[in-house]
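This is what each chain is made of:
There are 2 protein chains.
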Amino acid sequence: MNDSTERDGRPMTTVACAQLALGVGDVAENLAAAEEAIEAAARAGARVVVLPELANSGYVFDSVAEARALAEPLDGPTVTAWSAAARRHGVTLVAGLAELDTDDRVRNSAVVIDPAGELRAVYRKAHLFGTEKDFFVPGDEAPPTVDIDGVGRIGVMVCYDLEFPEWVRRAALAGTELLCAPVNWPLFPRPEGERPAEVTKAQAAAAGNRMYVAVADRAGDERGVVWTGGSVIVDPDGFPVAGRVPTAGSALLLASCDLGAARDKSLGAHNDVFADRRPELY
Amino acid sequence: MNDSTERDGRPMTTVACAQLALGVGDVAENLAAAEEAIEAAARAGARVVVLPELANSGYVFDSVAEARALAEPLDGPTVTAWSAAARRHGVTLVAGLAELDTDDRVRNSAVVIDPAGELRAVYRKAHLFGTEKDFFVPGDEAPPTVDIDGVGRIGVMVCYDLEFPEWVRRAALAGTELLCAPVNWPLFPRPEGERPAEVTKAQAAAAGNRMYVAVADRAGDERGVVWTGGSVIVDPDGFPVAGRVPTAGSALLLASCDLGAARDKSLGAHNDVFADRRPELY
Numbered sequence: 001m002n003d004s005t006e007r008d009g010r011p012m013t014t015v016a017c018a019q020l021a022l023g024v025g026d027v028a029e030n031l032a033a034a035e036e037a038i039e040a041a042a043r044a045g046a047r048v049v050v051l052p053e054l055a056n057s058g059y060v061f062d063s064v065a066e067a068r069a070l071a072e073p074l075d076g077p078t079v080t081a082w083s084a085a086a087r088r089h090g091v092t093l094v095a096g097l098a099e100l101d102t103d104d105r106v107r108n109s110a111v112v113i114d115p116a117g118e119l120r121a122v123y124r125k126a127h128l129f130g131t132e133k134d135f136f137v138p139g140d141e142a143p144p145t146v147d148i149d150g151v152g153r154i155g156v157m158v159c160y161d162l163e164f165p166e167w168v169r170r171a172a173l174a175g176t177e178l179l180c181a182p183v184n185w186p187l188f189p190r191p192e193g194e195r196p197a198e199v200t201k202a203q204a205a206a207a208g209n210r211m212y213v214a215v216a217d218r219a220g221d222e223r224g225v226v227w228t229g230g231s232v233i234v235d236p237d238g239f240p241v242a243g244r245v246p247t248a249g250s251a252l253l254l255a256s257c258d259l260g261a262a263r264d265k266s267l268g269a270h271n272d273v274f275a276d277r278r279p280e281l282y
Numbered sequence: 001m002n003d004s005t006e007r008d009g010r011p012m013t014t015v016a017c018a019q020l021a022l023g024v025g026d027v028a029e030n031l032a033a034a035e036e037a038i039e040a041a042a043r044a045g046a047r048v049v050v051l052p053e054l055a056n057s058g059y060v061f062d063s064v065a066e067a068r069a070l071a072e073p074l075d076g077p078t079v080t081a082w083s084a085a086a087r088r089h090g091v092t093l094v095a096g097l098a099e100l101d102t103d104d105r106v107r108n109s110a111v112v113i114d115p116a117g118e119l120r121a122v123y124r125k126a127h128l129f130g131t132e133k134d135f136f137v138p139g140d141e142a143p144p145t146v147d148i149d150g151v152g153r154i155g156v157m158v159c160y161d162l163e164f165p166e167w168v169r170r171a172a173l174a175g176t177e178l179l180c181a182p183v184n185w186p187l188f189p190r191p192e193g194e195r196p197a198e199v200t201k202a203q204a205a206a207a208g209n210r211m212y213v214a215v216a217d218r219a220g221d222e223r224g225v226v227w228t229g230g231s232v233i234v235d236p237d238g239f240p241v242a243g244r245v246p247t248a249g250s251a252l253l254l255a256s257c258d259l260g261a262a263r264d265k266s267l268g269a270h271n272d273v274f275a276d277r278r279p280e281l282y
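The listed protein sequences correspond, in order, to chains A and B.
Position 83 of the first sequence, counting from 1, maps to 83 under full-length UniProt numbering, and the rest follow consecutively.
Position 141 of the second sequence, counting from 1, maps to 141 under full-length UniProt numbering, and the rest follow consecutively.
Everything labelled a hint here was simulated from the structure, so no lab data went into it.
Hints may contain errors.
What the hints assert, rightly or not - Residues of chain B placed beyond 10 Å of chain A at every Cβ, according to the derived structure:
| hint | residue |
| --- | --- |
| 1 | 28 |
| 2 | 76 |
| 3 | 119 |
| 4 | 147 |
| 5 | 149 |
| 6 | 163 |
| 7 | 193 |
| 8 | 201 |
| 9 | 224 |
| 10 | 269 |
Claimed, not checked - Just the calculated beta-carbon pair ranges, DEER-fashion:
| hint | chain 1 | residue 1 | chain 2 | residue 2 | range |
| --- | --- | --- | --- | --- | --- |
| 11 | B | 40 | A | 263 | 19 to 25 Å |
| 12 | A | 220 | B | 101 | 56 to 62 Å |
| 13 | A | 249 | B | 35 | 30 to 36 Å |
In this text, a Cβ means the ideal position worked out from N, Cα and C, and glycines have one as well.
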């Protein structure tokens, strides 16, 4: 049973992206910020909550040792607490973390936790940005999709992954209705009045595959790195339904989304963004 | 020898996109509009001029017979006149046309003509939009690239092609520095203040491959179809350098472009949009 509101007889799902100010190594504070955001989102009716990349550890490590020390296994304290929060509030949670995997490798990962608090999927970032190669082993597995009862099919990838349309297409072809992307977007200069290029790419990812894309970015700055504050929720037409303008501070984006609409890939009367591909030529 | 202006010691190339009001079947008027635009662009210093899709014939055919009757061979009057205009003004011309190919098939094509007036490439649209399947045989060949002395490497595709990132990537990996796209974008509704989704996709195509993208759209309307007027020239950062706001009327977009910059695929100090791909996973 879907307890979301309806629009034109279709169930609507409230999706939340929590743009958080976090600190590298501030594990307890980072967890508190996440728990507070999850609670606020749930109170506002959210059924899906997206947190930033590396939401347990912070991003700007000053050494390999620091990254490793902050990485946690999937049964560690952060994921355990996130699971409890998801269950307590009955939300699906998608969140990024520094993970120590079972082979003792440090990963830039994201988890999908369902409203029962169950860990349904872990994804390891495949396209590493900046100096991340110094800290993380890249993933080799496709972005997972998770079916959540009464919500829809959730896909997940992390930050720079979203800038590779081939990777986005894989997630889309797997039936993703809502692609959730924990990110930490360092601020690049841009002309007055322009959206960050990363947002434009997220919009194109949504429109090109006719699915929703929900991005949770960071607020503020960290060890000299200023974050873009570009959190955004994009609809299948490619238009932002929350986060039209980036904001530097902490923010909770909320949008009422018709996730079922993302199963329809038609574009006007004669086209279909999947069927019109020419994979034999690519 | 490059007679373009320089910026910071690098040669700059003026690129023009001519957004034209054309009429279906108005072959002589359409040619006159093209010749006028080419002359105006050249006078403004353009070295490359892009015209819309189906610039000889117009777009909204009412029958297969009409489309066939308007299609011309590559040695027909329109391409012959375009070649003469390119030579006369010393510009590279990229323009869309309804083509009758040597096997008597009707194609939605684009030609690249160099400043000597030589036909250097013909491309047949591979991704057909709307009812185009009724009128055209789709192409099966990759988008060509053409090296123009003193300018750079020009790539070409047509309209809906640009919305398939896999196709754009092929053109980019072939070394395209300036991807020219003749288009006819029918107007779709969009929220106030938003760019057309097609423009967003063109921006993502540019940013995701760090190349220039130059789009020439149509002005006005034709047999009840209103055109978007979304002509745009996008730089390798994904920002419009001309055509920031769509305009309904005829327009000549001009931008001074550092095409050589499109050979550099680096993104910040540690990344490269080509090298960071994981093709083994796609």
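Here is how each hint holds up against the structure:
Once the 10 Å rule is applied to beta carbons, residue 28/B is consistent with being away from chain A; the minimum gap is 31 Å. Residue placement check: residue 76/B keeps its beta carbon more than 10 Å from all beta carbons of chain A (closest about 27 Å). Here residue 119/B stays apart from chain A, with its beta-carbon at least about 23 Å from theirs, past the 10 Å limit. No beta-carbon of chain A comes within 10 Å of the beta-carbon of residue 147/B; the shortest separation is about 23 Å.
Even its closest Cβ contact with chain A, about 30 Å, leaves residue 149/B beyond 10 Å, as expected for a residue assigned away from the interface. Residue-level check failed: residue 163/B sits 6 Å from the nearest beta carbon of chain A, not beyond 10 Å. Its closest Cβ contact with chain A, about 8 Å, brings residue 193/B to no more than 10 Å, contrary to its assignment away from the interface. A beta-carbon of chain A is positioned within 10 Å of the beta-carbon of residue 201/B; the least distance is around 5 Å.
Every CB of chain A lies more than 10 Å from the CB of residue 224/B, the least distance being 14 Å, so the non-interface label holds. Its closest Cβ contact with chain A, about 8 Å, brings residue 269/B to no more than 10 Å, contrary to its assignment away from the interface. At roughly 48 Å, the beta carbons of residue 40/B and residue 263/A sit outside the given window of 19 to 25 Å. Between residue 220/A and residue 101/B the beta carbon distance is about 59 Å. The supplied range of 56 to 62 Å therefore holds.
Between residue 249/A and residue 35/B the Cβ separation comes to about 55 Å, which falls outside the hinted range of 30 to 36 Å.
In the structure shown, a violation is registered for the earlier hints numbered 6, 7, 8, 10, 11 and 13, in ascending order.
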